[in-house]
Amino acid sequence: MTPLLQVENIAKFYGPRIGCTDVSFDLYPGEVMGIVGESGSGKSTLLNTLAGHLTPDRGAVRFDTRADGQHDGGLRDTVTMSEPERRMLSRTDWAFVHQHARDGLRMNVSAGGNVGERLMAVNARHYGQIRDTAIDWLGRVEIAADRIDDRPTAFSGGMQQRLQIARNLVTGPRLVFMDEPTGGLDVSVQARLLDLLRGLVREMGLSAIIVTHDLAVVRLLADRLMVMKDGRVVESGLTDQVLDDPQHAYTQLLVSSVLQV
Amino acid sequence: MISIQNVSKSFTLHNQGAAVIPVMHSASLDVAAGECIALIGASGAGKSTLMRMIYGNYLTASGRILVGDVDVASAAPRQIIALRRTTLGYVSQFLRVVPRVSTLDVVAEPLLVTGTERAAAQDIARGLLARLNIPERLWSLSPTTFSGGEQQRVNIARGFAYPYPALLLDEPTASLDPVNRETVLCMVEEAKARGTAIIGIFHDADARARLCNREVDVTRYTPGLAA
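Chains E and S supply the protein sequences, listed in that same order.
With numbering that gives the first Met the number 0, letter number 65 in the first sequence gets 64, and the count goes up by one each step, no holes.
With numbering that gives the first Met the number 0, letter number 45 in the second sequence gets 44, and the count goes up by one each step, no holes.
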């Protein structure tokens, strides 16, 4: 089986400071990988570099592209591909769920418009079909159909986050990047969102890379885990193995510092 | 089906003076299809540690742990994920689930991830829950609020939903009343009869005598305790 994403020796520097460096891993179809670490550990820099929001100083991010009219498909380096190609990828096969829903939504456009926009970006043109698909997706993320014409500004934080997920997943991406998807939400809303994400991952066969500082979230969502400190991966492995039998001093500290409820 | 060869393990506690605690030394053990082996030994001897090493939950320092044709001690995470999906089941002592997911879905999940249709998976889950005397009115609720014994039975139902060829059981009959204990023992016997290789920890000596082909005292693999 070919990996969906192959990351080789990625590094991103901010002047003399390290954003992240020496990161390599393969992600296979259907796998969910968590990245944990304290703030400043480089996990968001890494995510944004992988997703093409930042240009790495070194390394390759190869993605298993689908064959289309112009290309044969197969593993292609997204760092060196042309800007239009990369943008096409981020509208079709990739999705990015931001920590703050307002970074991933258009706040002055209706909920239906937010979902429909991504469909139109991949050349959907039939208004009725777009609206039906939007209603279907709002239902999947548990937003009532009668809220379709409301703007996200009229939504609660949890609803905005779910709308952002609907907007991202409507085009059937194969790889989803998530930056603290449950950050800043009430625990009750968080639980519902986690269940939703797990169901979607299972049913759509999605692969995902999730950045979070919440170890309970990765335990429930991620198959594999990478622990970052000072821009480097200090430990990686099966999620439950890394959490239950941490090898690196920093991971041990992280795991033993979690408060028990 | 399961072959443990010369396996060792120690814990290094970096934040507590880098203390190194050896917990297992050259453990070896074979379990054939249809066999049930009991791990015995005093508390702290390493029964659960060995079980967690077989499941890939704890890393193995040296040696091999073959489950089918996969060496858990050296396998990549995705190989272990695949192994756990279709080959190796584990009934732990504690239930760990996503909050707010119904009991029925918790039990059906191992079937859903292997591609069973939702309706068929839920039918199997209903059958298991009924057999383990979980009242039907609880099936649509999350098991997080259930009593200890009920959670234990949900955990067993989940562990037996998919017919894994190898199964690890950590105290499956602890905290169960006699009726449910009998049901669980029958389920283990049925799994054995279908050819499942089982490694179990049972404090219940009668259960051990009834189910197990052999007992393995892990104390002889415990550094510092071995006679």
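Keep in mind that the hints were calculated from the coordinates and are not lab data.
By construction, the Cβ of each residue, glycine as well, lies at the ideal position given by its N, Cα and C atoms.
A portion of the hints provided could be inaccurate.
To be verified - Derived CB-CB ranges, DEER-like:
1) E/N8 <-> S/P98: 19 to 27 angstroms
2) E/A144 <-> S/G114: 38 to 46 angstroms
3) S/A18 <-> E/V257: 43 to 51 angstroms
4) E/A153 <-> S/G67: 48 to 56 angstroms
5) S/A192 <-> E/S155: 52 to 60 angstroms
6) E/D21 <-> S/R193: 42 to 50 angstroms
7) E/S23 <-> S/A60: 52 to 60 angstroms
8) S/S42 <-> E/A144: 37 to 45 angstroms
9) S/L140 <-> E/R16: 23 to 31 angstroms
10) S/P162 <-> E/D21: 42 to 50 angstroms
11) S/L140 <-> E/S38: 53 to 61 angstroms
12) S/R207 <-> E/D76: 15 to 23 angstroms
13) S/R193 <-> E/H99: 36 to 44 angstroms
14) S/T11 <-> E/H99: 35 to 43 angstroms
As the list claims (entries may be wrong) - To give an idea of the interface, some chain E residues facing chain S are shown, with a C-beta separation under 7 angstroms as derived from the structure:
15) F12
16) D76
17) E234
18) L237
19) L252
Hint by hint, here is what the structure shows:
1. E/N8 <-> S/P98: 19 to 27 angstroms: Roughly 39 angstroms apart at Cβ, these two residues miss the hinted range, so it is violated.
2. E/A144 <-> S/G114: 38 to 46 angstroms: At 31 angstroms between Cβs, range violated.
3. S/A18 <-> E/V257: 43 to 51 angstroms: violated (21 angstroms)
4. E/A153 <-> S/G67: 48 to 56 angstroms: The hinted range 48 to 56 angstroms holds for E/A153 and S/G67, with Cβ atoms some 55 angstroms apart.
5. S/A192 <-> E/S155: 52 to 60 angstroms: holds (54 angstroms)
6. E/D21 <-> S/R193: 42 to 50 angstroms: holds (48 angstroms)
7. E/S23 <-> S/A60: 52 to 60 angstroms: Since the Cβ atoms of E/S23 and S/A60 sit about 24 angstroms apart, the hinted range of 52 to 60 angstroms is violated.
8. S/S42 <-> E/A144: 37 to 45 angstroms: Given a distance of about 56 angstroms, which is not inside 37 to 45 angstroms, the answer is violated.
9. S/L140 <-> E/R16: 23 to 31 angstroms: violated (51 angstroms)
10. S/P162 <-> E/D21: 42 to 50 angstroms: With Cβ atoms ~43 angstroms apart, the hint holds.
11. S/L140 <-> E/S38: 53 to 61 angstroms: violated (37 angstroms)
12. S/R207 <-> E/D76: 15 to 23 angstroms: violated (58 angstroms)
13. S/R193 <-> E/H99: 36 to 44 angstroms: Cβ of S/R193 to Cβ of E/H99: about 52 angstroms, so the range 36 to 44 angstroms is violated.
14. S/T11 <-> E/H99: 35 to 43 angstroms: holds (39 angstroms)
15. F12: Hint on E/F12: violated, closest Cβ of chain S at ~28 angstroms, above 7 angstroms.
16. D76: Hint violated; E/D76 Cβ to chain S Cβ min 22 angstroms, cut 7 angstroms.
17. E234: violated (11 angstroms)
18. L237: Holds. Min distance 5 angstroms.
19. L252: This interface hint holds because 5 angstroms falls under the 7 angstroms limit.
Going down the numbered hints, you'll see the structure goes against 1, 2, 3, 7, 8, 9, 11, 12, 13, 15, 16, 17, while the others check out.
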